[in-house]
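Given chain A, work out where chain B should sit, using these hints.
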Amino acid sequence: MLTGIIFFSGIAFSQNQTLLEEAFKNSYTHETNAEYSKAIDVIKKVYDESSYETNLRLGWLNYQAGLFTESIAFYNKAILLMPMSIEARLGFVMPAAALGNWTQVIGRYNEILKIDPNNYTVNYRMGSIYYGKQDYQTAYKHFEKIANLYPFDYDALHMFAWTNYKMGKMREAKVLFGKALLNKPGDSSAKEGYDLIK
Amino acid sequence: MKRHIIVFLSCLTVFTAGLRGNEATAAFEKNYESLTYRLYNEQKWDSLLVTGEEAIAKGYDYYYMRVRTGVAAFELFKFVKASKHFEKALEFNAEDAFASELLYKSYLYSGRNEEARLFLHQLPEFISSSFTGKTAGPVIFVETGPVFSNHNEQFEKNRQQGDGLYSEAYPNLNAFYFLSGIIIPVKGRISLNASAALPNFNKRRIVDIAGLDSLSGDYKVKQTELYFSPSVVLGHHIKISPVVRWVNVSLDNPLSSDDPEIQQYIGPPGSYTYQDYAIGGEVSFLQKKWMASVGYYSVKLDNTDLNQANFSFFYRPLGNLNLYLQSVMGLRMTDSENDLYFSQMAGGKLAGKLWAEATFVTGNISGTGENNFQVFYNLFDETKSKYALRFIYTINDHLKLNLRGQWFFKQGTELYFSEPDKGEVYTYNYQTISLTGGFSWNF
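So the protein sequences, as listed, match chains A and B. Heads up, the first sequence is in the working numbering, so the first residue is 655 and it goes up one at a time. Heads up, the second sequence is in the working numbering, so the first residue is 444 and it goes up one at a time.
The following block holds chain B by itself, in its conformation from the complex:
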C-alpha cells in the first residue's frame, strides 16, 4: 500500500528525473539544481552554502534549494543562517517533517529556546512528536557540592587587637550546598521555571566581652528557597518574566551563659527564623543573535531593604552556541548607598559535547540576584568579586552533566567596641570556593 502512495506522490517528479543530465538540463543556468544536489550528496557544505545562496539570489528559490542550503549552514554550525533557509523551506512546504526538525534544532542550537518552543507549539502533533516528543517535556535539575571558606582563619588573623570592650563576628565555615528544581513548558508562549533549594551554611559566632567571657559556638543556617518565574513571549521579540524568590532562613543562637549579664549581651538562646524575598522581573528583547534584558527587583534581606536594577546583553556572535557572551551592568540600591556592579561571561564549545563558561564579576553583589534571580546572593557579607568556571557535558538529548567552580572574594565584618558607645564595624577580606556538580534531565 505504501508503495502506491509513494508512486503517486513521486509520479509528478519522477518523470523529470530522467531528464536530468540530458541536453535539457544543460540549459539550467549554471546547473544550480544538479550542482547543489551533487554537493549535498558529497556533503561539501562550504561549497553548497555558497552555491545555494547564489542560486537563491538569482531566483532559484524553492523547497529543495532552501533545504539543501539550510542543511549546509546547519552542518557548518551557522544555525541562524540555517534557520532562515528552513523557515523559507517551510513556506514552500508547510508541515514538512524534515525541514521542521532542522528548524527546531537550529533554534535550539542557536540558543533561541523561546522561538523553538513557539515553533513546536505551532506544529501538528504528528510532526512534532516525531522528533521532539522525547525532549519537549519538563526539565529537572539537581546541583550539589561543598563550599570551602577561609573566613574563620582570616578573621582570627585580622581581628581587632588591643584592650577593646566587645568584639562580635560571624565567620563562615565549610558547608554543603544542594539545589533542585524543575522547568515546566506550560503552553507554547508560556513556560514556568520553578525550583527549590536547600542550602546549608555552617557558621561560627564569636563574642568576646572584656573581663567577662570569650564565647564561641558553631551553628547552621538552614535555608529553604522557593523560586517561581513564569515567562510569556509576546509576538516574536518580547519576553516578560516576572519572578518571586522566597527564602526561609532558620538558625540557632549557639551561645548561652549562666551569667545573666553575659546572656544579655549574646541574646536569648534557641532558634529563630526570618524571611528574605525578592520580587520583580525582567523584560527581554529577543533577536536572532542577541537578547537584551532589563530587570528590576525589590529585595528584602534580613533587616535590609534594597532594590536592584540591571541591564544584560546576551550575544551569540556566530549565530550558534559555540561562542556566547553575556554582559551585565547592575545597580544595587539601599537607603544609604548605591553600588554598581559588572559581570562578564564568555561561554562556548570546547570539544565534542563539552561546553565551558567563564564568568567574572566585580562589585558588591550581596543581596542581589543573577539571571532573573535564579541565583540569589542573600548573604550579609559584601562580595568584592567573583570568578567562576562551569563545564557542561551533554550525554544525550535528555541528560546533561555540569560541574561548577566559583571563587568569591568577600569582605567579612567584626563589630568592635574599643570604648563604651564607640562601636565600629571593621572589615577584612576572605575567600570562599564552591565546587558543585549536578545534572539536568529533559523528559
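Extracted from the complex, chain A is given alone in its bound form:
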C-alpha cells in the first residue's frame, strides 16, 4: 500500500515537473518575442503560491509587461519564501524604482547590504543614489568599498573619483581619474574630471 502511494506520488511529481518545465520554456519563448501577457498566462496556469520560482518569474514578467504594482507583489512573495534572497530583492527594486518608490528601493538595498555587505551592484547603486542627492559622505562609503574590492574597475574608480572631487579631496580624485583613464583611455567624463584638477 505504502509502496503504491510512493509510486503514484512519484508519477505526480514527475508530471508536475514536466508541466513546470514546459510552462517556463514557453514563457521564455513568449518573453523573447516580447509577448509578456502570454508569458505571464502560461506561468499563471502552473502558479503555486508557495513556489519561489514562479513568484520570481511572475515578478519579472509583470515588470516587463509594465505591471509594476503586480510585479512588486510577486517579488514580495518571493522574498517571503526565501528571506535571504538577493536576486528577489534586486528584482523588486526595478518595479519599485519605475513607480518612483525610492524609499522602498533604498530599504531593499539596505537589506541586501546586511546580507552581503560587499555586494558590488548594490554598493554602486547606493553610491549613485546618494551622489545624486549630493550626500557625498554616504556615497563615499559605498564607492570606497567597491573601489577597494575592484581596484581597476572603471565604474567604481570613476564614481569614487567624482565623489572625492565633490568632497574637495583633489589629490585623491586626480589619482582616481587617472586610473579610470587607464581603464578607459580617453573617457570623456574621467578626462573632464582629470582636467578640472590643476
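Derived by calculation from the structure, the hints in this document are not laboratory data. This one's a predicted model, so the numbers in the text were calculated from it and none came from an experiment. Be aware that one or more of the hints could be misleading.
Stated by the list, open to error - To give an idea of the chain B side of the interface with chain A (calculated C-beta under 10 Å), a few residues:
id: 1; residue: 476
id: 2; residue: 477
id: 3; residue: 532
id: 4; residue: 534
id: 5; residue: 536
id: 6; residue: 537
Stated by the list, open to error - With a straight-line cut-off of 30 Å between C-alpha atoms, the simulated BS3-like cross-links for lysine-lysine are:
id: 7; chain 1: A; residue 1: 731; chain 2: B; residue 2: 531
id: 8; chain 1: B; residue 1: 796; chain 2: B; residue 2: 600
id: 9; chain 1: B; residue 1: 548; chain 2: B; residue 2: 682
id: 10; chain 1: B; residue 1: 743; chain 2: A; residue 2: 692
id: 11; chain 1: B; residue 1: 548; chain 2: A; residue 2: 787
id: 12; chain 1: A; residue 1: 828; chain 2: A; residue 2: 795
id: 13; chain 1: A; residue 1: 699; chain 2: B; residue 2: 501
id: 14; chain 1: A; residue 1: 768; chain 2: A; residue 2: 787
id: 15; chain 1: B; residue 1: 600; chain 2: A; residue 2: 768
id: 16; chain 1: B; residue 1: 865; chain 2: B; residue 2: 743
id: 17; chain 1: B; residue 1: 527; chain 2: A; residue 2: 787
id: 18; chain 1: A; residue 1: 731; chain 2: A; residue 2: 692
id: 19; chain 1: B; residue 1: 682; chain 2: B; residue 2: 646
id: 20; chain 1: A; residue 1: 731; chain 2: B; residue 2: 682
id: 21; chain 1: A; residue 1: 787; chain 2: B; residue 2: 531
id: 22; chain 1: A; residue 1: 833; chain 2: A; residue 2: 845
id: 23; chain 1: A; residue 1: 838; chain 2: A; residue 2: 820
id: 24; chain 1: A; residue 1: 731; chain 2: B; residue 2: 501
id: 25; chain 1: B; residue 1: 501; chain 2: A; residue 2: 698
id: 26; chain 1: A; residue 1: 828; chain 2: A; residue 2: 845
id: 27; chain 1: B; residue 1: 663; chain 2: B; residue 2: 600
id: 28; chain 1: A; residue 1: 852; chain 2: A; residue 2: 820
What the hints assert, rightly or not - Using C-beta positions, here's what the derived DEER-type ranges look like:
id: 29; chain 1: A; residue 1: 826; chain 2: B; residue 2: 728; range: 49 to 59 Å
id: 30; chain 1: A; residue 1: 736; chain 2: B; residue 2: 530; range: 30 to 40 Å
id: 31; chain 1: B; residue 1: 678; chain 2: A; residue 2: 795; range: 27 to 37 Å
Don't be surprised by glycine CBs; every beta carbon is placed ideally from N, CA and C.
The following block gives chain B in isolation, referenced to the frame of chain A:
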C-alpha cells in the same frame, strides 16, 4: 558627469518606458498609469483627481500616482486633499524635493502654518533651502493710519443740560496709529511672535464747574505696547501659546488753574503714567480643516482688573484659504459684571492675489484682547459693536500689503453732578473709524 548619473538612475525605469503603448500595457487595468500620465501632461486636473483616486483605491498606489493625484488636487485648490497625497508620496520617496515643496505649500495654502513649519524643520537642509530658504525667515510687519472719531461732537450734543454742579468728560479726537512687529520662527516646534506698537490717541478733557469755571484742553495719550508670545506645538495637534502684553500709558493733564479751589477739582498739572497688561494664553487643537482654541487672560486696565475667557473656532471649509471663517465667543469678567461678546469673521480670496476679511463683533470688548491678545482694546469706553473690513494683497512670496477699515460703535461717558454727592455717569453713543494700511515682509 551629470549625464552618467541621470543615465544610471534612469536605467531602471527607462527600460520599461519603451513598453508603454504595446500589448503589455494593455493589460494594465484601465491603463491607470498611462491614463493619469496623459491627464497630467494635458493638465486635466478634474479628471486626473477622479482617476488618480480611483486608481489608488484599487491598489495602484505608488509615488508617481500620488504625486500626479496630489498635483491635480493642488491645482484645484484642494490643499488638504493634496497634502494627503503628497504625504503618502513622501512615504514612497522620502526626501523628494518636488513632493516636499508641494506638501509644504499645501500646508501653507490651507492655513496650517504650524504643520508647514514642522515639516520644514524635518527636511534635510539641501531640500528645504531649495524652495523655502527665501521665505522661512522672520516676518516683519508695519501698520499705520489715521483714526477718526465723532466723540467730541456726540458729547456736545448729548451732554447733560440744566443747573448741574459739575461735569467732566474725556472725548476722543482724531489720532494716528502706528504698529510694527516681528514674528520669529525659533525652532521647528517653537515660534515667537513679538511686536511693538506706538499708538497715540488725541483726547480732550472737559470740566465744567458751575459758578466757577469751564475748562477744556487737548492732550495726547501715548502708549508703548510690547507683545511677546512664544508658541510650542506638541505632537501634531496641540499648540500652546502663552502671551504677555504690556502697555505703558503716558498722558498729560491739560488743565490748570490759578484758583486753588478749581485746581483741587481738576487735579495736579503735569504728566503721569500707568501700566496696563494682559497675561494668559491659549491652547489650540489643530486639525486639517479647523482649529479650536480656548484662552484665558488676566487683564489690568488702569484701575480695573478683569479676566477674559474665550473660545474660538477657525474653519476652512474648502481645505484652503479661499474661504475661512472664525467664530469667537468670549466672556469679559469684572468684579461687578460679566459680559458676553461674540465675533464672526469671514475671509477668502476675492481675485488673483487679493484676499478680503469681514468681521462683525457684538458685545463689550473694552479691556479684552483679540487673537491671543495680538490686539488689545485697552480703552475705557465701552464698545457696543465693531465692523471691520480688511484687504490683503500678496505681491510676491515676501511682500504682502494690507488695508484695514474698522468702524467701532462705542459708548462715551460723562460724570455729572446735579447736586452735591449726587454724581452719576451718563452715557451716549459715538463712532470711531480707523483706516490703517501696512505691509509684511517675510525674510
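Results of checking the hints against the structure:
1. 476: Since chain A brings a Cβ to about 7 Å from residue 476/B, closer than 10 Å, the hint holds.
2. 477: holds, 9 Å
3. 532: Given a least distance of 8 Å, the restraint on residue 532/B holds.
4. 534: holds, 7 Å
5. 536: Hint on residue 536/B: holds, closest Cβ of chain A at ~4 Å, below 10 Å.
6. 537: Cβ of residue 537/B sits 5 Å from chain A, so the hint holds.
7. 731/A <-> 531/B: This hinted pair holds, its Cα atoms lying about 23 Å apart.
8. 796/B <-> 600/B: violated, 45 Å
9. 548/B <-> 682/B: Holds, at roughly 20 Å.
10. 743/B <-> 692/A: The hint is violated at about 83 Å.
11. 548/B <-> 787/A: holds, 22 Å
12. 828/A <-> 795/A: holds, 18 Å
13. 699/A <-> 501/B: holds, 24 Å
14. 768/A <-> 787/A: Holds. Residue 768/A to residue 787/A sits at ~22 Å (cutoff 30 Å).
15. 600/B <-> 768/A: Distance of about 89 Å is beyond 30 Å: violated.
16. 865/B <-> 743/B: Given that 30 Å is the threshold and the Cα spacing comes to 29 Å, the pair holds.
17. 527/B <-> 787/A: holds, 25 Å
18. 731/A <-> 692/A: Holds. Residue 731/A to residue 692/A sits at ~21 Å (cutoff 30 Å).
19. 682/B <-> 646/B: violated, 40 Å
20. 731/A <-> 682/B: violated, 44 Å
21. 787/A <-> 531/B: This hinted pair holds, its Cα atoms lying about 20 Å apart.
22. 833/A <-> 845/A: This hinted pair holds, its Cα atoms lying about 11 Å apart.
23. 838/A <-> 820/A: holds, 21 Å
24. 731/A <-> 501/B: holds, 19 Å
25. 501/B <-> 698/A: holds, 21 Å
26. 828/A <-> 845/A: holds, 10 Å
27. 663/B <-> 600/B: holds, 23 Å
28. 852/A <-> 820/A: holds, 15 Å
29. 826/A <-> 728/B: 49 to 59 Å: Holds, since residue 826/A and residue 728/B (Cβ atoms, about 55 Å apart) stay within the stated range.
30. 736/A <-> 530/B: 30 to 40 Å: At roughly 33 Å between Cβ atoms, residue 530/B and residue 736/A fall inside 30 to 40 Å, so the hint holds.
31. 678/B <-> 795/A: 27 to 37 Å: holds, 35 Å
Violated hints, listed in ascending order, are 8, 10, 15, 19 and 20; each of the other numbered hints is respected by the structure.
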